[in-house]
Structure formats: structure tokens, C-alpha cells
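Generate coordinates for the entire structure from the input sequences, incorporating the hints supplied.
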Amino acid sequence: MHMADALISPAVGGTMWAVTAGLTAYSAKKIGADLNERIVPLMGVLGAFVFAAQMINFTIPATGSSGHLGGGMILAMLLGPHAAFLTMASVLAVQALFFADGGLLALGCNIFNLGFFPCFVAYPFLCRRIVGANPSAGRILAGAMLSSIVALQLGAFAVVLETVASGISELPFTTFALLMQPIHLAIGVVEGLVTAAVITFVWSARPEVLHVAPGREAGRLPMKKVLVGLVAIAVLTGGVLSWFASTHPDGLEWSMLRTAGTEELSGHGSAAHAALAGIQEKIALLPDYGFRATPGGSGAGSREGESWPDINAGRSVAGIVGGGLTLLLAGVVGIVLRRAGQAGRSRPTPER
Amino acid sequence: MSGAGQALGSLNGLDGLGRADAPALRVDPRAMIVTTFLFIAVVSSFDKYDLLGLLPLVLYPVSLMALGRVSFRRIARRLLVASPFAVMIGIFNPVFDGRIIAELGPLAVSGGWISFASILVKFLLTVSAALLLVEICGFDAVCFGLGKMGVPRVLVSQLLFLKRYIHVAADEAARMVRAHALRSFRRRGMSFRVFGSLCGQLLLRSLDRAQRIYNAMISRGFSGRIHLLRERSVRGGDILFASLWIGFFLLVRLYNIPLWIGTLVLGSLA
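Sequence lines, in order, name chains B and R. Counted the way the numbering used here counts, the first sequence spans residues 1 to 352. Counted the way the numbering used here counts, the second sequence spans residues 353 to 622.
The hints are simulated quantities; they were obtained by calculation from the structure and are not laboratory data. Any given hint could turn out to be false.
Part of the chain B face toward chain R, derived, beta carbon under 7 Å [said to hold, decoys possible]: (1) Ala28; (2) Val40; (3) Ala52; (4) Leu86; (5) Ala96; (6) Leu97; (7) Gly103; (8) Ala142; (9) Leu171; (10) Phe173; (11) Ala177; (12) Gly319; (13) Val321; (14) Leu325; (15) Leu328; (16) Leu337.
To list a few chain R residues with every Cβ distance to chain B over 10 Å, as calculated [stated by the list, open to error]: (17) Ala434; (18) Ala438; (19) Arg572.
Being a predicted model, the structure only gives us computed values, none of them experimental. Positions of the beta carbon are idealized from the N, C-alpha and C atoms, including for glycine.
This is the structure we're talking about:
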């Protein structure tokens, strides 16, 4: 399930962006070092395959509802963790930019929830171990099923943590977790079945394309354990810190991130890090909480958020009148700009 | 045609405006990316009860739609499709937060409804900003900007490839679904077994295609890097564009403009 920008705070979004940027730089570096340019078109086409496969619905037996492919596990089994992670990141970016699935601030969260767990946790630690050196239909089913369930459970739990840490939804932690985990258990089972069905087909038709195929050295963990630990700590601390230390949002988590970031980013990744750092600094300047104490605006009236609890009907009316006028003004500006643009051009371009 | 056909239809013309030779709004993608990110950061930094303070930010997507000549309907359609998660999670706010925080004559409004409304407004603002980024700059230019801003080259190539082949793979999938539908008479839906081999078949075709593309690219001198035709540099106008908007965002973040307007109007009426 995609996180939405509307439900996360800048601190959580920024933390997850930094973690995801580190993972992306790491994966890109691994691909550059390990593989040749052959992987690039393969990743592109497989990303497109995930999109296309999502358009095909099948009926879930005995329920009457339908499901489709999620994609993370299948990519990991075909491409290996690093390329799969980048492919998943690109798929989610395109979904955010074109289809309004999730958002740009939440993109870091989404890539982490839907990319990191299947590619760097479930695949190397479960799927690869279970399917092993001599795969069979049963092993593929078991591996795909178990790792899909685990990846989705972890992803769903991360959604819960990120949402609760942001403090925008009122859903209590336990309620939300009890809501999300069972739903994603069902989704995980379906995803596991689909993944197993597709991978079994490919395995019988053309086994050499699988990353989990025989002949490849098994047991070599693609991801350094140190890095997994570091990232896990970064995430947990980031989540917990922004939860408790919301009055000082930029201090600790920021320095913690920098340590985690420099571990992963070396050489050519540093520019990405610098750019993100710039953006993050900007975000950290505008936390929820920092401006609360600042007396802003007109005279006695400070910000609406803090003064609302003591009820004041007059202020509410002023708020509604002002809000309505603001929207009206924005609409008028829009219309004027559009008219001006159309008048300024002799040859109108077709609108969509 | 089924859902697959419709999905394919919505894929078409994803970023036609940005690719035009004379875009309605000429902004360097980097300036646009930075502005979009700051906009989203500012929007999400508002307190959950501060519905009113958010409202002036509507000006940003509205002016971009006007300046970039993106039709409202085009954005709204995609917003509607994407709204479920934010709505589903937000709808619990009125349930858990029943504290009365505003009164309008006889009507008492609880905090939960205010925060639910502000989640919806935040959703509209952030998602439309993301959509407008691509609508106005075009996807290729956004990728180019990302590359210039230090995003790893492999990821930039991957994004460009992905966008190029979504249509091709989706076309293939739609053909397969149609072929299946035509041969399965009145049976609605697709059984799981069929789905598995259909998806596997699609995957094999995709892999073949990847191999052909790779061969074609190698024979044309591909060395792991995609070159983009349209090179551009940041100009003064781009910096002005970004800094004016960022200034506006900060102003809105620091002062509650709607409340100020409302007090002013009511004061002059009284």
C-alpha cells in the first residue's frame, strides 16, 4: 500500500528519503561494479513488465474479488537485489509522478517499504536460502510464499510506524497495526502465489534467466550485514526520535542520518547526498512544531492551530470568511493567468 | 475491453505537453524540482488542525495549471483515482478525535473533522504538485534534471527506459488479455492458473524484447549511458521563478493570511 504525502511529516519523509538515497547510491554502485551495461535495458523492460502485469487481474478463488501482481519479489528473483531495488524505485517514482500513487515526499517511504524489504531482507535471507542451489516447484512456491508474506508484513508495519511517527492520522498504533497486518497477510499470500506461478513458469520454460537459478553461487549474501544493521538502526532511531523529540526535530536524527549517509555514499554518490542534504535542511527549517511558539500574524491572533482549542466563534467565522476569500482569490488569479496566456498567443496549443 | 484497456488508455499522452517544442511555461527542470519539493515540504509541515493556514498554497497548483496550460480536468481525474489511501486513513480522525475545537453558531466542529479536512487538502496540494512537475517539464527533462542534481546514472537511465517501455509492455498485456477474453466465452475473470502462465508468457516476451533492445543498442554504440538531446542551463528566470515561489511559501507558512483577510473584511463590515 502506498504512503501518501498528506499523512507524513517532513521529518519522517526526509529521514526515509535519506535512507532510500543511501540504498539507491549503494545499489547503483554495486551494479556498476558487478555487472555490465547489459542489465540496463533488462531493468527497464522488467519495470515496464511489472506495470503491464499489474493491469492483468485474476479472480481470487472462493472470494469473488480480484488481485494483481505487486512486483517486488518477482523482480528480486529475476534480477537480484540491487537491480531489483533500483527497478522498484523507478516503478514507484513513475507511479508517484504520473499516476498520483503516493507522493514525492512519501516516495522515500514507499521505496523503502516496497523495495527494501523484498529485495534486501526477504530475498537474500529467505527466498534464496529456501530455493537454494537446486530449485523445484515446491521450493519455489515455499520460497516465494514465505518471502512475499514476510516482505509485506514488514512493509505494512513500516507504514504503520511511519504514519504514527508523523502524528497526522489519529489512528492509535495498536488499532492501525491490527488493521494493516491481517490485510497484508492476505495480500502476501496472494502475492506469493502469483510470484510462484510466474517464476515456476519461467523456471520450466527458461531457467537461465532466473537470479535464483542453479549454477550461481548460493550462500553469498548480496548485502553486507553491517549495512543492513546500520540502516535498520537509522530507521528505528529516525522513527522513534521524531516521535519523542518533536520539539527538537533537526538535531539528533539529522546527525544520525549523516553518519549513516556517509557510510553508504562514497565517491560519485556525494553529489546526490549534498543535494538531498540541502533539501533536508530546508525541510528541517519548517517543522510542525518550531513555529508554534512564534507569535505570527495580526495582533492577538496567533496561529489557528494553537488557539483553536479555546473556542471562539468570532474567530471561526473570520477564519471561514478569510478561507473562502483566499480560495476565491487563488481561483481568480488562475483564471486571469490563463486568459492572459491565451490572449498573448496567436496560435493556441491544444489543451488536454 | 476490460480494465486493461482502460488502464492503457490512461497511459497514453502521459507527458505530451512537456515534450512540445514550445512549452507554455519554460522553466529549467532543476528549478521546478526544487520548488516542487519545497512546496511539498511546506505543505506537510503544517499542523494537522491548521486547515485555514494551508489554503493560500492552493495558489501554486492553480497558477501552474494556468501558466502551463494544463487543464484542471486532466489533473483532477488522476487525483480522484489516487485518493483512496489518504481518505481511508484520514476518515478515522473524526472517530478518534471528538474534541470540539470550533463553533459556528449551533454547529460544533470536532478536531477530527478539521484534521481530516486538512489531510484531504494536503493530499490535493502535494499530489497535484507532483503531477504538475511532470506535466510542465516533461518526464525526460525531469530525468535530466535529476541526473544533473546527482542522482545515480543507472537510475536515470532506468527511469527513461521504464517510461519508454511502459506503453510497449502494456500494449502487449492488453492484447493478451483481449485474446483470452475472446476465447473464454462467458466466463468472467481469469483463473489463477491461466494468470500464472499468461504473466509468465508476458515476462518471456519482455525478456526477449530486452535482449533485442540490448543488441540494437550495442550495435549503435551504447556504453551504459543515455545521452539526452536537450541540454539546458539554469538561467536567471529559473532562479527568479524558484525564489519567488519559495518566498511565497515561507510567507504563507509564517503568517495565517486567510485569518488576516477574514478579520479585515469583518472589521470593515462592522
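A quick look at each hint next to the structure:
1. Ala28: Since chain R brings a Cβ to about 3 Å from Ala28/B, closer than 7 Å, the hint holds.
2. Val40: It holds, given that the least Cβ distance between Val40/B and chain R is near 5 Å, below 7 Å.
3. Ala52: Since chain R brings a Cβ to about 4 Å from Ala52/B, closer than 7 Å, the hint holds.
4. Leu86: Check passed: Cβ of Leu86/B comes within 6 Å of chain R, closer than 7 Å.
5. Ala96: Constraint on Ala96/B satisfied, holds at 6 Å.
6. Leu97: At about 5 Å, which falls below the 7 Å cut-off, the nearest Cβ of chain R leaves the hint on Leu97/B intact, so it holds.
7. Gly103: The hint holds - Gly103/B has a Cβ within 7 Å of chain R, the shortest such distance being about 5 Å.
8. Ala142: Where the cut-off is 7 Å and the nearest Cβ of chain R is about 16 Å from Ala142/B, the hint is violated.
9. Leu171: holds (5 Å)
10. Phe173: Given a least distance of 12 Å, the restraint on Phe173/B is violated.
11. Ala177: violated (13 Å)
12. Gly319: holds (5 Å)
13. Val321: holds (4 Å)
14. Leu325: holds (5 Å)
15. Leu328: violated (10 Å)
16. Leu337: holds (4 Å)
17. Ala434: Its Cβ does come within 10 Å of chain B, the nearest being 4 Å, so this is violated.
18. Ala438: violated (4 Å)
19. Arg572: holds (12 Å)
This entry does not satisfy hints 8, 10, 11, 15, 17 and 18, going by the numbered hints stated previously.
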